[in-house]
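**Student:** Chain order of the listed sequences is A and B. The numbering of the first sequence is the UniProt record's numbering, which starts it at 1 and goes up by one. The numbering of the second sequence is the UniProt record's numbering, which starts it at 1 and goes up by one.
Among these hints, one or two may not hold up.
Examples of chain B residues lying across from chain A (beta carbon under 7 angstroms, computed) [said to hold, decoys possible]:
hint, residue
1, Ala145
2, Ile155
3, Asn158
4, Arg160
5, Thr184
6, Ser208
7, Pro211
8, Thr251
9, Pro267
10, Phe268
11, His282
In case anyone wonders, no lab produced these hints; they're calculated from the structure. All C-beta atoms in this analysis are idealised placements derived from N, C-alpha and C, irrespective of residue type, glycine included.
There are 2 protein chains.
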Amino acid sequence: MPLMKSWVASANSPTTDFPLNNLPYGVFSVAGGPRHLGVAIGDMVLDVTALTSSHLPFMAQALSDPRGWNGVMEAGPELWARFRKVITSLLSETYEDVGALRDQLHPICDVDLHLPFKVSEYTDFYAGKHHAVNVGTMFRGPENALPPSWLHIPIGYNGRASSVVLSGTDITRPWGQLKGADDTMPRFAPSERFDIELELGAIVGTPSQGPISVDQADANIFGYVLLNDWSARDIQAWEYQPLGPFQSKATATTISPWIVTKAALEPFRCATPNREVELLPHLRDTSPMLYDIDLTVALAPSGGEVQTIARTNYNEMYYSAAQQLVHHTTSGCPMRVGDLLGSGTISGAEKDARGSLLELSWGGNEPITLDDGQVRSFLHDGDRVVLRGVARGSGFRVGFGECSGTLVPAADPM
Amino acid sequence: MPLMKSWVASANSPTTDFPLNNLPYGVFSVAGGPRHLGVAIGDMVLDVTALTSSHLPFMAQALSDPRGWNGVMEAGPELWARFRKVITSLLSETYEDVGALRDQLHPICDVDLHLPFKVSEYTDFYAGKHHAVNVGTMFRGPENALPPSWLHIPIGYNGRASSVVLSGTDITRPWGQLKGADDTMPRFAPSERFDIELELGAIVGTPSQGPISVDQADANIFGYVLLNDWSARDIQAWEYQPLGPFQSKATATTISPWIVTKAALEPFRCATPNREVELLPHLRDTSPMLYDIDLTVALAPSGGEVQTIARTNYNEMYYSAAQQLVHHTTSGCPMRVGDLLGSGTISGAEKDARGSLLELSWGGNEPITLDDGQVRSFLHDGDRVVLRGVARGSGFRVGFGECSGTLVPAADPM
Numbered sequence: 001m002p003l004m005k006s007w008v009a010s011a012n013s014p015t016t017d018f019p020l021n022n023l024p025y026g027v028f029s030v031a032g033g034p035r036h037l038g039v040a041i042g043d044m045v046l047d048v049t050a051l052t053s054s055h056l057p058f059m060a061q062a063l064s065d066p067r068g069w070n071g072v073m074e075a076g077p078e079l080w081a082r083f084r085k086v087i088t089s090l091l092s093e094t095y096e097d098v099g100a101l102r103d104q105l106h107p108i109c110d111v112d113l114h115l116p117f118k119v120s121e122y123t124d125f126y127a128g129k130h131h132a133v134n135v136g137t138m139f140r141g142p143e144n145a146l147p148p149s150w151l152h153i154p155i156g157y158n159g160r161a162s163s164v165v166l167s168g169t170d171i172t173r174p175w176g177q178l179k180g181a182d183d184t185m186p187r188f189a190p191s192e193r194f195d196i197e198l199e200l201g202a203i204v205g206t207p208s209q210g211p212i213s214v215d216q217a218d219a220n221i222f223g224y225v226l227l228n229d230w231s232a233r234d235i236q237a238w239e240y241q242p243l244g245p246f247q248s249k250a251t252a253t254t255i256s257p258w259i260v261t262k263a264a265l266e267p268f269r270c271a272t273p274n275r276e277v278e279l280l281p282h283l284r285d286t287s288p289m290l291y292d293i294d295l296t297v298a299l300a301p302s303g304g305e306v307q308t309i310a311r312t313n314y315n316e317m318y319y320s321a322a323q324q325l326v327h328h329t330t331s332g333c334p335m336r337v338g339d340l341l342g343s344g345t346i347s348g349a350e351k352d353a354r355g356s357l358l359e360l361s362w363g364g365n366e367p368i369t370l371d372d373g374q375v376r377s378f379l380h381d382g383d384r385v386v387l388r389g390v391a392r393g394s395g396f397r398v399g400f401g402e403c404s405g406t407l408v409p410a411a412d413p414m
Numbered sequence: 001m002p003l004m005k006s007w008v009a010s011a012n013s014p015t016t017d018f019p020l021n022n023l024p025y026g027v028f029s030v031a032g033g034p035r036h037l038g039v040a041i042g043d044m045v046l047d048v049t050a051l052t053s054s055h056l057p058f059m060a061q062a063l064s065d066p067r068g069w070n071g072v073m074e075a076g077p078e079l080w081a082r083f084r085k086v087i088t089s090l091l092s093e094t095y096e097d098v099g100a101l102r103d104q105l106h107p108i109c110d111v112d113l114h115l116p117f118k119v120s121e122y123t124d125f126y127a128g129k130h131h132a133v134n135v136g137t138m139f140r141g142p143e144n145a146l147p148p149s150w151l152h153i154p155i156g157y158n159g160r161a162s163s164v165v166l167s168g169t170d171i172t173r174p175w176g177q178l179k180g181a182d183d184t185m186p187r188f189a190p191s192e193r194f195d196i197e198l199e200l201g202a203i204v205g206t207p208s209q210g211p212i213s214v215d216q217a218d219a220n221i222f223g224y225v226l227l228n229d230w231s232a233r234d235i236q237a238w239e240y241q242p243l244g245p246f247q248s249k250a251t252a253t254t255i256s257p258w259i260v261t262k263a264a265l266e267p268f269r270c271a272t273p274n275r276e277v278e279l280l281p282h283l284r285d286t287s288p289m290l291y292d293i294d295l296t297v298a299l300a301p302s303g304g305e306v307q308t309i310a311r312t313n314y315n316e317m318y319y320s321a322a323q324q325l326v327h328h329t330t331s332g333c334p335m336r337v338g339d340l341l342g343s344g345t346i347s348g349a350e351k352d353a354r355g356s357l358l359e360l361s362w363g364g365n366e367p368i369t370l371d372d373g374q375v376r377s378f379l380h381d382g383d384r385v386v387l388r389g390v391a392r393g394s395g396f397r398v399g400f401g402e403c404s405g406t407l408v409p410a411a412d413p414m
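Model the full structure from these sequences, guided by the hints.
**Tutor:** Below, the structure written as C-alpha cells:
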C-alpha cells in the first residue's frame, strides 16, 4: 500500500508517524478547555468532537463521552468502519470543502493530551519467548527456563488499571519490602532495581463472556498502544511466590497517547513463529495475527542525550493479542470495552534486542554503558525512558508516537 | 452493647441479621423499577433514595448514584457518619413520625437485590495462616508450607472485577487447560476440581495514592461483605507458575448483597494473633483490627438439604484488611473508591474449620461425606453453596445475610 495523500501537508512527510494511512485516536484539550476526541494527522490533531453536528451526527453520544474513546468502541465495529471512512475522506487530498475543517485542526504541540480511553481492567502477559527464556534462565537456570505451561498458554496475570498513566507522566521510584539473599529480615526502602518493560498494549473494543474463538478475539480488538510496564525487580523477587507480581508492577504503567487502530495496522500483518509444540485447537492461529512493528527503547540520563538502548520488533512475540484474549476468556471471564492487554516484554534474540534492563544488564551482572560513559543496570533517578514503534510502508510509516516517562526520586513515606 | 430497639418489629428479633445495630447498605428495585439505595432493617428494606428530599437533602447526588453506594463513599467519612446517625434516628423505637417512613419500607423478600456498589478493582489476598499452611503443605510439603515472605507481607494478587457477581447468581462450571501429572499434553475441558473459598471482602471507601499508615488504612475502609472466590484448582495448578492465578479465579466471585459497615462492626473488634516474626513498622497493628465474626460454609446438593460443612471465624486471619490495604499502597498503587479486597480463605485450626473444599477434602484424598451419604471432594453440578457470617452481641446479632451460588454445568464452548 502506498502513502495516502492528505491536504494536511505535514501528513505527507515520509517521516511522520501520522499519515492519512494511520489516523490514530486520542483525547486532547486546548488551554484547559474541555476534553475532546481527536484524530492525529501529520503534526496536527483534528477535533472530531467539534465535527459532531456538521459531519458526524450519527455518533453524537460517542463523541462526547467523558471517558474518551470508550463510547466509540461500544458503538461497535460497523460504526468504527463508518467513522474511519468519513475521517479518511475528510482528510484526503481530494476533499474540497476544507475551510471549515481547518478551524478544527490544532498543532499537536499546542494541545494537552490525556489518556485516550478509560482503562476498564489491565492484564499483562508473558508471551514473548526470548524474554521468558532470558528471565527464566536468570532465575531458574537454562534447563528450567520456560515454565511447563509456557508453550501451551499465553501466561498472564491481572495488573492494576488505576496505575495506568499517560506518556509524559513522571514516575516516582516506589517503596517496598526488599530482602537480599543474605539478609535475615526484609527492610522497607525505595526500590533499588527499578526497570522498564517494552510492550504493546491491545485494547478490547467489543465485550464478551465465555470462551471465544481466535477469529472472534481478533475482531474484538479495537487498536494498540505502546506500553511501558515499569517494574521493581527487587520488590518482585521477594513478593512473587506463589501468587505472582503485585506491588512490583503497581507503581505505574505508561501508555502512548494515540490508539493506532487495527484497521491502520492491517497492511503490516505477519505470522507468529513456528510452534515448538502444537497449540490446542482453541488457541491455533487461523491467519497472520502479529504485526511487523519496529520497536525501540531509548534512555536519556538526567541532563543528557536520548540514546537508543534496544531495538526489536513486535513480530518476535510467540502469542498474538488475539490468542491472549482467547485465553483470557476461557474460564468465562467477562471482558469489557476498554480492557487493556499488555503483550509482555518484547525481546529479540540478540543482546541489544532485549526489552528490559533486567535482560540488557543480565540481572545487573553486565551493566550497559551509555554514550557518555555512564553505566546502567537499572534506572537512576532522573532517567527518562522513551519507547517508540513504527510499521514501515512504502514511502510512509504508521507510528505510535512516543511513550515516555521520567523516574523521579522516592517520596518520604507516610 | 445491647440491642438497639426499632419500631420495625422484625428488627428486634434476636435472630435477625439486621437489627438497628447493623443497618447494612444494599441496592434494590421493585417490580423491574429503578434501582434505589436501601438500608436493611429486620426483614424490611428502607428506600433511602426515596427519602432524599424529605430527610436526606444533604446527600441528594449520592443517593441517586446509578453505581450504588459509590457516591456515598465518595462523599467521605463525615457524611458516612451523618447519614448513619439520621437513619438510626429514623428507625429507632423512639421516632414518632413513622407514617411517611412506612411507605418506604419494603419486605426484602419482595424486592430484587443488585450489586451494592460498582467494584473498581478486585484484589484477593492469601492472609489466613491455617489456609496458607494447609495449601502449602499439600503442594510443597510441611517443611516448605509457608512461602518465605508470608510472615512479612500479606501476599495478594489482582483479581478480575468484571467477574464479581451478586449472591444468587448461578455459576457456570468453567472450561480451561487441564493437565494431569501423568499426561504428556494438556487438554481443554471443563474443570473437574471446582472449589469455593470462604472470605470476607473489605470495601475501600476513601481513595489514596502512596504508602498510607495502618490507622489511615483502617479509616479508609467503608465496610465488609461476604465473598466466595470460586476457584478451579486444576486450571490453577497448570497455570499459576510463575505469575499466579489467572483464569482459575476469573469465572466468578460472589459477594453478599448487603454492605455491613465498619461502624456496625466496631463493638466486635479483636486483635490479630501473636506474630511469629515481628512485622516491619509500617505494617504493625496499632489497635485491634480484626472482628469476631462467626462464619459458616453450607452446601446443598441438587434437590437435597442445606448442611453446614465448615465453621470458622474471621478472627483466625493473620493480617487485617487494614494491613492488606497498607501493603497494597506501598508501591504508590492508586487505590480508588469501590476497590474490593478479599481477605483470603478463612480457615481455622480444626479440620471442620477449613474454608475450601481443597482443604476439607485434603486435595481430594479425604472426601467429605454429606448427611445423605453423598461424598464431595470438589463441587458437583447442581450444588448450592451458602456462606453466612454473624457477629454476636448481647441479645442481638450483626449479620451479613447470605452469600450463595449454584454451580450449573459447563456450557458448550465457542
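**Student:** Would you mind marking each hint as holding or not holding in the structure?
**Tutor:** How the hints compare with the structure:
{"no.": "1", "hint": "Ala145", "verdict": "violated (11 angstroms)"}
{"no.": "2", "hint": "Ile155", "verdict": "holds (6 angstroms)"}
{"no.": "3", "hint": "Asn158", "verdict": "holds (4 angstroms)"}
{"no.": "4", "hint": "Arg160", "verdict": "holds (6 angstroms)"}
{"no.": "5", "hint": "Thr184", "verdict": "violated (10 angstroms)"}
{"no.": "6", "hint": "Ser208", "verdict": "violated (11 angstroms)"}
{"no.": "7", "hint": "Pro211", "verdict": "holds (4 angstroms)"}
{"no.": "8", "hint": "Thr251", "verdict": "holds (5 angstroms)"}
{"no.": "9", "hint": "Pro267", "verdict": "violated (29 angstroms)"}
{"no.": "10", "hint": "Phe268", "verdict": "violated (28 angstroms)"}
{"no.": "11", "hint": "His282", "verdict": "holds (6 angstroms)"}
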